[in-house]
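Enquirer: Residue-level listing of the chains:
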Amino acid sequence: DVQMTQSPSSLSASVGDRVTITCRASQSIRSSLHWYQQKPGAAPKLLIFGASNLETGVPSRFIGSASGTEFTLVISSLQPEDFATYYCQQSDEIPYTFGQGTKVEIK
Amino acid sequence: QVQMVQSGGEVKEPGASVKVSCKTSGYKFIDYGITWVRQAPGQGLEWMGWISTYNGHTFYQDKLQGRLTLTKDTSTTTGYMELRSLRSDDTATYYCARAYGEGHVDSWGQGTLVTVTS
Numbered sequence: 001d002v003q004m005t006q007s008p009s010s011l012s013a014s015v016g017d018r019v020t021i022t023c024r025a026s027q028s029i030r031s032s033l034h035w036y037q038q039k040p041g042a043a044p045k046l047l048i049f050g051a052s053n054l055e056t057g058v059p060s061r062f063i064g065s066a067s068g069t070e071f072t073l074v075i076s077s078l079q080p081e082d083f084a085t086y087y088c089q090q091s092d093e094i095p096y097t098f099g100q101g102t103k104v105e106i107k
Numbered sequence: 001q002v003q004m005v006q007s008g009g010e011v012k013e014p015g016a017s018v019k020v021s022c023k024t025s026g027y028k029f030i031d032y033g034i035t036w037v038r039q040a041p042g043q044g045l046e047w048m049g050w051i052s053t054y055n056g057h058t059f060y061q062d063k064l065q066g067r068l069t070l071t072k073d074t075s076t077t078t079g080y081m082e083l084r085s086l087r088s089d090d091t092a093t094y095y096c097a098r099a100y101g102e103g104h105v106d107s108w109g110q111g112t113l114v115t116v117t118s
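If you're matching them up, the sequences are chains S and B in order.
For what it's worth, our numbering labels the leading residue of the first sequence as 1, then goes sequentially.
For what it's worth, our numbering labels the leading residue of the second sequence as 1, then goes sequentially.
Chain S with its partners taken away, still in its complex shape (with noise of 0.2 Å):
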C-alpha cells in the first residue's frame, strides 16, 4: 500500500498566521493527491484536488503545490473557521490511503 506521512500531527497558529501542512507518499503518485478539512462531528470537506485544483466555493486562501513525492496545503492566512483536521489522500493505487491528519488549533 502507498504510505501516506503527513506532518506535522497538529500544530498551534493564530488567525492571520500562515500555516504549511505537508504529506509525503511513499512512491510516485503523480498528481493523484487530495485535501479534506473536517470539523468536529462532521464530514470531511473536499478542498483541493489533483494536487493543486481548488474546489468549488472554497476559499483562495487554501493552496495546494506538488514537488515529486511532497504534497503542500498552504492557507495563506488562517481564519476562525479554519480551524479543523485537515487530512490528505491519494488516488493512484488501490486502496486509496488517507494520512493520518494534522489537527491546527488556535493558539
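Be aware that a few hints might be false.
When the alpha-carbon atoms are kept at most 30 Å apart in a straight line, the in silico DSBU-like pairs for lysine-lysine are as follows [unchecked claim]:
hint	chain 1	residue 1	chain 2	residue 2
1	S	LYS103	S	LYS39
2	B	LYS23	S	LYS39
3	S	LYS45	S	LYS103
4	B	LYS12	S	LYS39
5	B	LYS28	S	LYS103
6	S	LYS45	B	LYS63
7	B	LYS19	S	LYS39
8	B	LYS23	S	LYS45
9	S	LYS39	S	LYS107
10	B	LYS19	B	LYS63
11	S	LYS107	S	LYS45
12	B	LYS23	B	LYS63
13	S	LYS107	B	LYS63
14	B	LYS63	S	LYS39
15	B	LYS28	S	LYS45
16	B	LYS12	S	LYS107
17	B	LYS23	B	LYS12
18	B	LYS12	B	LYS63
19	B	LYS28	S	LYS107
Keep in mind the hints are simulated off the structure, nothing from the lab.
Fit chain B to the given chain S structure using the hints.
Expert: Same frame as chain S, now just chain B:
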C-alpha cells in the same frame, strides 16, 4: 443539489453483520462511483472501498476483503455497504461519498455510527 443520505446508527453484537444504505440524489447516479470511508472514534479516515455505479465493479481494502460487500441499486440510486463478522474494532462512523474517476470525493453522507458491543 447533490445529497447523500445515510441510514441511521446501529448497535450490533460481535459476529453480527451490518448493512448501511446511502441514498443519493441531485445528480446522474451512474456518472460517479461511491466510495466508503470509516472513522473510528477519535481516529483518522480509513478508505474501505469503491463501487462503480455504472457496472457494479468493486475495489476493496485488502484487510476487509471477505467481510465487506458494496452493492448498488440503480433504480433507487442507492448504495449499500455490508460488513460481516463484526468485531469491536469495527466500531466507527461509516461514510459514503460521491467519487470521481480520478479518485477524489466531493459530496459526503452525514455518517452512520456503527457500534459493536456485547
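Enquirer: Confirm or reject each hint.
Expert: Structure-based check of each hint:
For a cut-off of 30 Å, the pair hint linking LYS103 of chain S to LYS39 of chain S stands: about 10 Å separates their Cα positions. As the CA atoms of LYS23 of chain B and LYS39 of chain S are separated by approximately 23 Å, the hinted pair is consistent with the 30 Å bound. Taking the CA atoms of LYS45 of chain S and LYS103 of chain S, the gap is near 15 Å; set against the 30 Å cutoff, the hint holds. Taking the CA atoms of LYS12 of chain B and LYS39 of chain S, the gap is about 27 Å. The hint holds against a cut of 30 Å.
Between LYS28 of chain B and LYS103 of chain S the alpha-carbon distance is near 35 Å, which puts this suggested pair outside the 30 Å criterion. The suggested pairing of LYS45 of chain S with LYS63 of chain B holds, with an alpha-carbon distance near 26 Å, which does not exceed 30 Å. A distance of roughly 26 Å separates the Cα atoms of LYS19 of chain B and LYS39 of chain S; the hinted pair therefore holds under the 30 Å criterion. Restraint check for LYS23 of chain B and LYS45 of chain S: satisfied, since their Cα atoms lie roughly 19 Å apart, inside the 30 Å limit.
At roughly 17 Å between alpha-carbon atoms, LYS39 of chain S and LYS107 of chain S fall within 30 Å of each other, so this suggested pair holds. At most 30 Å may separate the alpha-carbon atoms for a hinted pair to count; LYS19 of chain B and LYS63 of chain B meet this at roughly 18 Å. A C-alpha spacing of about 23 Å is found between LYS107 of chain S and LYS45 of chain S, which places the hinted pair at or below 30 Å, so the restraint holds. The hinted pair formed by LYS23 of chain B and LYS63 of chain B meets the criterion: a straight-line CA distance of about 26 Å does not exceed 30 Å.
As the CA atoms of LYS107 of chain S and LYS63 of chain B are separated by approximately 39 Å, the hinted pair breaks the 30 Å bound. Using a Cα cut-off of 30 Å, the hinted pair LYS63 of chain B and LYS39 of chain S holds, with the two alpha carbons roughly 27 Å apart. For the suggested pair LYS28 of chain B and LYS45 of chain S, the alpha carbons sit about 21 Å apart, so the restraint of at most 30 Å is met. As the CA atoms of LYS12 of chain B and LYS107 of chain S are separated by approximately 41 Å, the hinted pair breaks the 30 Å bound.
With a C-alpha separation of about 22 Å, the suggested pair LYS23 of chain B and LYS12 of chain B falls inside the 30 Å cut-off, and the hint holds. For the hint pairing LYS12 of chain B with LYS63 of chain B, the CA-to-CA distance comes to about 20 Å; that is within 30 Å, so the pair holds. With a CA separation close to 44 Å, the supplied pair LYS28 of chain B and LYS107 of chain S exceeds the 30 Å bound.
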